[in-house]
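Asks: Taken in sequence, the protein lines are chains Z, D and E. With the working numbering, the residue at position 8 of the first sequence is 8, and numbering never jumps. With the working numbering, the residue at position 364 of the second sequence is 364, and numbering never jumps. With the working numbering, the residue at position 247 of the third sequence is 247, and numbering never jumps.
Treat each hint with caution, since some may be false.
Unchecked claim - Some chain E residues well away from chain Z (every beta-carbon gap over 12 Å; in silico): (1) 33; (2) 46; (3) 50; (4) 63; (5) 67; (6) 77; (7) 82; (8) 99; (9) 105; (10) 118; (11) 138.
Unchecked claim - Computed cross-link-like contacts, DSS-like style, restricted to lysine-lysine with a CA-CA straight-line distance of at most 25 Å: (12) 86/Z to 2/Z; (13) 2/Z to 304/Z; (14) 289/D to 257/Z; (15) 257/Z to 334/Z; (16) 257/Z to 282/D; (17) 172/E to 117/Z.
Think of the hints as simulated: they come from the structure by calculation, not from any bench. The C-beta atom is built at its ideal place from N, Cα and C for all residues, glycine as well.
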Amino acid sequence: MKPLLLWSDVLIYLLVFSLCAFFLRLRRDPQIREYWRQVFSTRVGMVTMTIILVYVGIALLDSLHFRRALEPVAGSPHGEVFYGSKVSSVLDVMMDGMGERFEATYSAPFALDSFEKQDMKDDAGHTYRGFPPLEHAGHHLSNAEERWADVLAKSATALMWGVLFSVLLIGPQWFFLRRSPFPWSASWVTQGVVICLSVWLVSISRYYHVLGTDLGGADVAYQSIKGIRTGVLLGTLATLIMLPIAVSLGVMAGYFKGWVDDAVQYLYTTLSSIPGILLIAASVLLFQVYIDLHPDFFSVGLEKADARFLALCFILGVTSWSSLCRLIRAETLKISQLGYVQAAHAFGVSHQRILMRHILPNVTHIILITFVLDFSALVLAEAVLSYIGVGIDPNMASWGNMINGARSELSREPVVWWTLSGAFFFMFVLVLAANLFSDLVRDAFDPRSGAGRSAT
Amino acid sequence: MSALSPPVMQVANLRVDVGETGEAILKGVSFELRAGEIFALVGESGSGKSVTSLAAMRLLPNALRITGGEVRVGNEDLFDLSEADMQSVRGERVAMIFQNAMSALNPVQTVGEQVAETLRLHTRLAGDALRKRVVQLFAEVGIQDADARYGFYPHQLSGGQQQRVMIAMALACEPDILIADEPTTALDVTIQAQVLALIRGLTRSRQLAVLLITHDMGVVKNTADEVAVMYRGEIIERAPVDAFFRNPREDYSRRLIAALPDLSHFHESAAEEALLQLDDVKVYFPIRKGVLQRVVDYTRAVDGVTLKIGRAETYALVGESGSGKSTLGRAILNLETVAGGQITFLGQPIHSLGRRAMLPYRKKIQVVFQNPYSSMNPRLTVAQIISEGMDSLGMGLTETQREDRIAALLQRVQLDPAFGRRHPHELSGGQLQRIAIARALAVEPELIICDEPTSALDVSIRADVLALLQELQREFGVSYLFITHDLSIVPSLAHRVGVMQAGRLVEQGTAEQILTRPEHPYTQALLASVPRVDSP
Amino acid sequence: MLAYIVRRLFYAIPILIGVNLLTFILFFVVNSPDDMAVSQLGHKYVTPEAVQAWKRKNGYDLPLFFNSQERGGDALTETIFFTKSVKLFAFDFGRSESGRDITTDVSTRMWPSLAVALPTFVVGIWVNICVALMVVMFHATRLDRWAVFVFVGLMSISSLFYIIGGQYLVAKTWKLVPISGFNGDIQPWKFLLLPVLVGVIGGIGSGARWYRTLFLEEANQDYVRTARAKGASELRILFRHILPNALIPILTGVVIVIPTLFMGGLLIESFFGIPGLGSYMLDAINSQDFAIVRSMVFLGSILYIVGLILTDISYTWADPRLRLN
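Looking at chain Z on its own, in the form it has when it is part of the complex (with noise of 0.2 Å):
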């Protein structure tokens, strides 16, 4: 095994990081302290929490990527050892091979026949058409009429054991926060949903594909859940490479007032004119113009998707930096005019100072607001962008490029569905707990509570 480190796991780890880091920083504020209890006071914040936390958590196992050592071929030097192009990742090793048990193409969830007559051969040899079985899905059964009583009996088994590790991991969490003030009891069945839902997919995958097969063969279950680090990534990266950018300028404006504030509001105005898909459509092809001309970069395909794929996040997060942007120069206006700045000014103090220790702490609500709710924004256009045609790229799981690979199936009859509602349902759970757990934190933090968002 040989690690393989993208550029977009080693951000999202860095990410994960300096978020915990500013976390803890942001504790030792007892106001803002008091923000967070508010947050987890309720159950739809712990909920939520847990829900945006497994998601996270999924997406960090799937950034651990490496390559498998090709089997020793007869005649090779001894001791050199090759590794194939197939990039893994510790998640798909968790989900036990999930990923690698192809079929030729549709497949209806739980089928255990192809969704498309082929030609094939009866044991004489004469052509007929039919449904050809599937390769990896019930060859246990004797006899198709088993099947959903064998579902139903390995669903059973696998209920147990998700049960048994629900308790064994939340059995500790109990132990030591039982007399938390929190409603940590929200959050356990949470969990244990989430565990048992897990334990059940992994195990009764081995035997069937729990949400079909898509055009090319491929498990759907398998598909959206790889979709979730794409997913979450594109929400956090893209609003963290515009935090810099719309911050500085947007406190610098806010500021020092006069031409600088011209300056700044001249270029922001510039770009939010500019219709944002039309912009967002251009830098990607020319991105990936870029790509194709330069193959010799990159070495195995994951890595040009990985740089189309980052080269999205920066694009989106250059094209949407005005919106905060604006609104922190005008809270920083308003902070201006507050009697501690103009005390601090009094004491001499200097702009550099007074920009990190009076304003800038006071504006870090809006930012926490912005990135919670541009979370589930951007997860929402990534699905739009990939339809397009200019979101990720292709042969990267996103649950854009599988509704785009499915749109036109609708028309089939009997209808694909499958595939569509994987998709949908992982995005939905994902960008529904975002959007509530960001109504929560905005009510905490902004006190006019969500107000004068369009305002200005």
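Take the given structure of chain Z and dock chains D and E to it, following the hints.
Replies: For chains D and E alone, coordinates are given in the frame of chain Z:
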């Protein structure tokens, strides 16, 4: 006053608590209102006086809930009525006026329409008759050119006129009872006196029963017939006004009364040497117009002010909102560009100094702002706030020296040194203002500009803060430029007084001169509206 | 007011120049005129002469930003950037890379876009206001809390799902209207119904939630308490006091999108086969036709700036506090 007429409204044992926590806000409040009399309910913020009026009208915010008592109007208990019946009581039998008329009036409806709406709700008037009645009401409350004012929006009227519109709206359906919740708090003193006179006149002419809610003892003294003092959800003392001021029973009442100005004792001005000298100082803000945004004119915020402040002297700069007094303060601090004239501190001109050259003077001139809540960075601890000036102005202290100094300063402003670790939002307004004073003192200034430092504080706390300022003056010999709109705190504090109007200093002199023998008509008007203890 | 509008229009010019500059830089950083010529001519017939001829024919034979061979002002004007930009400012969009006249395409295609976008916009606002008002009437009850939850749920659904779901249910399963297409002659409303419906439903979540916060913000204002003290009923307060006040931010918030309605919706138009500007852009993106993309960027920017100016005007017009000052 008058013989006891039967009560028009009886509030008995009114109880209100916070629905969620059960915390009691009103703990059994009882009083009655009589026709032709003004009953004043006095208290500081949080005493429950506004809640009392809202509860009586069943207009409490959702978080609060009435848990007991009754409000009797005639022979009905308002708490027994249906919501629909209650709506016909509001505005028709019991009317209300609120403080800050600007926000209490609907900004997108004309004032005439707003008064007409009350009439439409409770009478059958319509068309011309309705309009005529509204105009008539406007005339009655003293709105000039009443017919033309019908189509005005609230923002087109002055604060005093807005409050008159509120009164007209309240009186439209000839109610028996008027509840006035801080009706003059947001108004300048001269306007305040006129509005109160109007309410008093209407009470007599219409035989209204008035519940006047206020925090201002001066208003009570000049307006009310009977007074009740509220403290933490209870009425602790209740008496006819004359008896109350002559002989208050409770300590708390006595403290409230003591906050009224005493015009018989003044501070003597002792200083000869000028610490700060202003010569014809002007601060202009440009007005830009047209396509090219050319400067066509200037707002003359400060228009040629000349004054002098001596060592260990307090100079009170008095004026109404918009008179330019705060701008002048900021100009002295070099936070505003001076358009003309000269500011000299100890003989050195400082108005044109650059950021760096100004630094030595920043140590000498400090400031305390009006709103204690916004003048402290909420993200810093109290110790960090106090040490800010020491750090930036380089007092050259070691870590321990600095900590000792912070502790000493906190003690000096009568706070526990343990406060150093707290954050501003954990403290009360009075505590915060003490910290603001400590912050200013930290760099050992010679002049502190106090910009309305007590106007956001309750009366009883206000007196403590003012006393502290005077003590510090005696101890450290620091001078104050005390900017205020409130003439009533001047006598206990100032050596010299300047009166500002529209950017100009219309009159200045010793405190005694200005407060006892004002010459300028504006000063006389200001003074006339200040309530005082010794007035008959 | 007039002076103000004129000034705003003047401000628009540097912004448009900036937009142009940006798109130019974006396109020519990776795609030089030679590359364009090569990709247009097709790789088979590329000779240096052919490339030069193509560049001359399409006006790409000049330097990008600065012509060092010319003197004075001509050094700036005799460049690709200047010649191409000036044409854009005159609304001459030139020809697409497939040779069609972009100006004609735009002027024929904006009407179908508008036919879908305008009803979606108007009906959408109306529905959102109604829904929000109903929710506000039940403020602080369980119904209100659930409504907010439902709004957030609706917001969390991808717009693709609304479109695909709408097509599947209404057109395919129930067979009520045609799945897609646009035909101006026979009952055009039949083709418009579904896209408009999908557009409106897709917007309820975020729209109604936003309006609800605006209404509630107004409901906390002092004048509402005054109206209660007058004896006005809750319904009257809602419609006579809260609604007119809340309409000001609603109006000024939506005005900015009115000009951009011409641009249509990318997704809706491509899914429903409406020959508007949205699908035009999408086709251009997919066929990498930079001439069209550049023109549409310019057009979009102009419309956005018009929207900004309209927002300011509507602000002053709708709010008496600003109108009468």
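Asks: Hint by hint, note whether the structure agrees.
Replies: Here is what the structure says about each hint:
1. Under the 12 Å C-beta cut-off, the non-interface status given to residue 33/E relative to chain Z holds; the minimum distance is some 14 Å.
2. Its beta-carbon lying about 16 Å from the closest one in chain Z, residue 46/E satisfies the requirement of being farther than 12 Å from that chain.
3. Residue-level check passed: residue 50/E sits 21 Å from the nearest beta carbon of chain Z, beyond 12 Å.
4. Every Cβ of chain Z is farther than 12 Å from the Cβ of residue 63/E; the closest lies at roughly 21 Å, confirming the non-interface assignment.
5. With a minimum CB-CB distance of about 25 Å to chain Z, residue 67/E clears the 12 Å threshold, and the non-interface call stands.
6. Every C-beta of chain Z lies more than 12 Å from that of residue 77/E, the closest at about 22 Å, which supports listing it as non-interface.
7. At the 12 Å boundary, the C-beta of residue 82/E stays outside the reach of chain Z, the nearest C-beta of that chain being 18 Å off.
8. The claim that residue 99/E lies off the interface holds: its Cβ sits roughly 20 Å from the closest Cβ of chain Z, which is beyond the 12 Å cut-off.
9. The beta carbon of residue 105/E sits about 16 Å from the closest Cβ of chain Z, which is more than 12 Å, so the claim that it is off the interface holds.
10. For residue 118/E, the non-interface assignment is confirmed: its Cβ lies about 18 Å from the closest Cβ of chain Z, beyond the 12 Å cut-off.
11. No Cβ of chain Z comes within 12 Å of the Cβ of residue 138/E; the nearest lies about 18 Å off, and the non-interface call holds.
12. For the given pair, residue 86/Z sits about 11 Å from residue 2/Z by alpha-carbon distance, which is consistent with the 25 Å threshold.
13. Restraint check: the Cα-Cα separation between residue 2/Z and residue 304/Z comes to about 19 Å, which is no more than 25 Å; the hinted pair holds.
14. A distance of roughly 20 Å separates the Cα atoms of residue 289/D and residue 257/Z; the hinted pair therefore holds under the 25 Å criterion.
15. With a CA separation close to 12 Å, the supplied pair residue 257/Z and residue 334/Z stays within the 25 Å bound.
16. With a C-alpha separation of about 23 Å, the suggested pair residue 257/Z and residue 282/D falls inside the 25 Å cut-off, and the hint holds.
17. Between residue 172/E and residue 117/Z the alpha-carbon distance is near 24 Å, which keeps this suggested pair within the 25 Å criterion.
Violated hints are absent here; each numbered hint is respected by the structure.
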